[in-house]
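Enquirer: Construct the entire structure; sequences and hints are all you get.
Protein sequences, first through last, are from chains D and R. When the letters of the first sequence are read in order and numbered with numbering that gives the first Met the number 0, they come out as residues 0 to 204. When the letters of the second sequence are read in order and numbered with numbering that gives the first Met the number 0, they come out as residues 0 to 221.
Derived by calculation from the structure, the hints in this document are not laboratory data. Just so you know, these numbers come straight off a predicted model, no measurement behind them. Incorrect hints may have been included.
Stated by the list, open to error - Here are the computed distance ranges between Cβ atoms for each label pair:
hint, chain 1, residue 1, chain 2, residue 2, range
1, R, K41, D, I152, 39 to 49 Å
2, R, G105, D, R198, 26 to 36 Å
3, D, A178, R, N164, 50 to 60 Å
4, R, R124, D, P14, 22 to 32 Å
5, R, T115, D, K113, 51 to 61 Å
6, D, A178, R, T219, 28 to 38 Å
7, D, S171, R, L200, 30 to 40 Å
8, R, E220, D, R25, 36 to 46 Å
9, D, L160, R, T183, 43 to 53 Å
Glycine included, each C-beta is placed from N, C-alpha and C at the ideal position.
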Amino acid sequence: MPNDSIYGKYEAFLPLVLEELSNKIRQADAIYRIQTGDPLFEHINTRIKSEESAREKCRRKGWPETAHSALYEMKDAIGVRLVCSFLEDIFETVRAIRGFSGVRIVEEKDYIKKVKPNGYRSYHLILEIETPFEDVLGRVPGRYYAEIQLRTIAMDSWAALEHQLRYKKNISNSELIGAELKRCADELAACDVSMQTIRELIRNA
Amino acid sequence: MKLLLAEDEKDLSRALAAVLGHSGYEVTAVYDGEAAVEAAKKNAYDVMVFDIMMPKMTGLEAVRAIRTNSDMTPVLFLTAKSEVDDRIAGLDAGADDYLTKPFAMGELLARVRSLTRRSTVYGARELRFGSVILDAEHLEMKRENSIRLANKEAHLMEYLMLNPNKYIGTDELFNHIWSDEPQTDKGIVFVYVSFLKNKLLSIDADITIDADGRGSYILTEI
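Expert: Here it is as structure tokens:
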């Protein structure tokens, strides 16, 4: 049976790679809970980029709609979002991921320090994961890319709102709303820092 | 309130210090311009009163040096009646007001009150230290990115930015920023310094607030 997925015959491996990565993350969280009594993150969302989004992204980037583009040029076919309660949890989680065996961080973007002009804050990692499966370059064992986005609950709800603004057509006063959204991002960032500080004050009391 | 008095005539200085002290000011008396600049570098004052003709460094040179250090503390200078050019030069050098000798003590006290009143009114201004900009009017602090400040945080940051590189005690910070709520525990100063330290970190600031471990804090470049 011909496979017309953009991911080709590798499509079947993606959920397995994602599952393995999720397990590593959940295990790190379990260890952290035992050591400190606190969780690393509040919740985890995972997804395989849909056929439609993958093709749209390839077109937008000017790549041919092939498995090679979708699995090698595009590095977020496998995606994990970790939403943390406190700012410091983001960096604790990144430290934990850095220690994963068989996983290499190939790209790191700190949009918490280098905030995007619209106010977007998040911490992005691109991972290269060793797997027992063949990859799109024909290597066995193969390597698959995955993107991890880490953010606080406040950053996550802000991003949800910003997403609505971006994808809703014909919003009146969209510039004004954009400016208010930016102000809101700075206020939420202030809350994140204040809550982090209060947590430190409680811990050191 | 802390007042720096620079007057080289010892008798006049003593008399002024006595009257100002009696009116509730905590007076530091120095007797030349150089000592005035040094004192302004080390301590935070609410107002300064300088004579113009002083040894080592004139009052004018002292004001200029203090303003160069981005210290915006109000300065009142004392001048002889004939020194019109000095009055102009003094105001141009960065002084805020002048009083000609001889003057009535009542008028000196009124002018000092007027200057300190102005400094405690919340100014619509931007302050900068290192690469950090504080927009006190919009309660915003920015460098790599921007972050919102609570009212008291902005007020505390403003006071520290007006008095950088000086150790300032908990009591002094408390008296300036929490004067409207004297029943509050003074531990609030440490809490707000902690808030500001982390907010500075979050905007990747090149400045920080250090503590001396005895309750004094200093805004300093990293």
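Enquirer: Confirm or reject each hint.
Expert: Each hint, compared with the structure:
no.	hint	in the structure
1	R:K41 <-> D:I152: 39 to 49 Å	holds, 45 Å
2	R:G105 <-> D:R198: 26 to 36 Å	violated, 54 Å
3	D:A178 <-> R:N164: 50 to 60 Å	violated, 36 Å
4	R:R124 <-> D:P14: 22 to 32 Å	violated, 58 Å
5	R:T115 <-> D:K113: 51 to 61 Å	violated, 42 Å
6	D:A178 <-> R:T219: 28 to 38 Å	holds, 34 Å
7	D:S171 <-> R:L200: 30 to 40 Å	holds, 39 Å
8	R:E220 <-> D:R25: 36 to 46 Å	holds, 43 Å
9	D:L160 <-> R:T183: 43 to 53 Å	violated, 36 Å
When the structure is compared with the earlier hints, violations turn up for hints 2, 3, 4, 5 and 9 and for no others.
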